[in-house]
Amino acid sequence: MERRRTAFEKNLEEINSHNREFEEGKSQFRMGLNKFADLDNELYKKQMVRMRDTNHRKMDVEINDEIVGAAAKDVPDSLDWRTKGFVTSPVNQKTCGSCYAFSISYAITGQIMQRIGRLEYVSQQQLVDCSVETGNQGCAGGSLRYTLKYLEKCGGIMRQVDYPYTSSVSTTKNPS
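Mapping to full-length UniProt numbering: the sequence shown position 81 is 81, numbers consecutive.
What the hints contain is simulated information worked out from the structure, not anything from laboratory work.
Treat the hints loosely; a few may be bogus.
[As the list claims (entries may be wrong)] Dumping the calculated DSSO-like pairs for lysine-lysine here, alpha-carbon to alpha-carbon at most 27 Å:
hint : residue 1 : residue 2
1    : K45       : K35
2    : K46       : K10
3    : K46       : K94
4    : K10       : K26
Sequences and hints are given; from them, build the entire structure.
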């Protein structure tokens with residue numbers, strides 16, 4: 001109990017310090033308390049982060065400056081998605097290790113936003129439930145590689161309203 005109290009006090013101090021910087025114009029966002037405020041980094045990682053080691057992560061990939069430079073030639077110096085209407089609320093994946101599904105689904109949502117001009121959320125739950133066939137482990141974690149492999153295999157993704165997030169593994173609704 002004392003560990004959590006200490007963590008809460010430390011986190012509150014960090015939040016207050018950051019928000020003072022926000023008020024002074026030194027930061028672009030405000031911080032606030034949430035249900036994780038009484039967890040220190042070690043406990044948060046133990047309870048919430050479920051990264052799985054794979055051989056793919058250990059590959060040594062050399063990034064060529066020439067390739068990066070060519071790909072980045074049309075990238076603006078800055079971009080504020082808020083001015084384009086792409087503002088989403090924070091999401092709690094709860095105790096399901098589904099960060100891989102959220103990261104891919106929001107990347108897809110961003111691409112849809114660019115194309116049609118409005119937010120159309122796609123289903124994280126479909127990725128949690130169905131990408132086990134390509135190597136992910138549902139709520140026990142997954143990888144972007146396996147998630148993209150699943151999307152390539154199934155050919156698409158459902159809308160979030162049609163396949164909502166439950167923070168647990170269920171039977172797939174879109175078998176591929």
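Each hint, compared with the structure:
Distance hint between K45 and K35 is fulfilled; the C-alpha atoms sit about 14 Å from each other, no more than 27 Å. In summary, the hint linking K46 to K10 is supported, as the alpha carbons are separated by about 19 Å, within the 27 Å threshold. A hinted pair counts as satisfied when its Cα atoms are at most 27 Å apart, and K46 with K94 qualifies at roughly 14 Å. A C-alpha spacing of about 21 Å is found between K10 and K26, which places the hinted pair at or below 27 Å, so the restraint holds.
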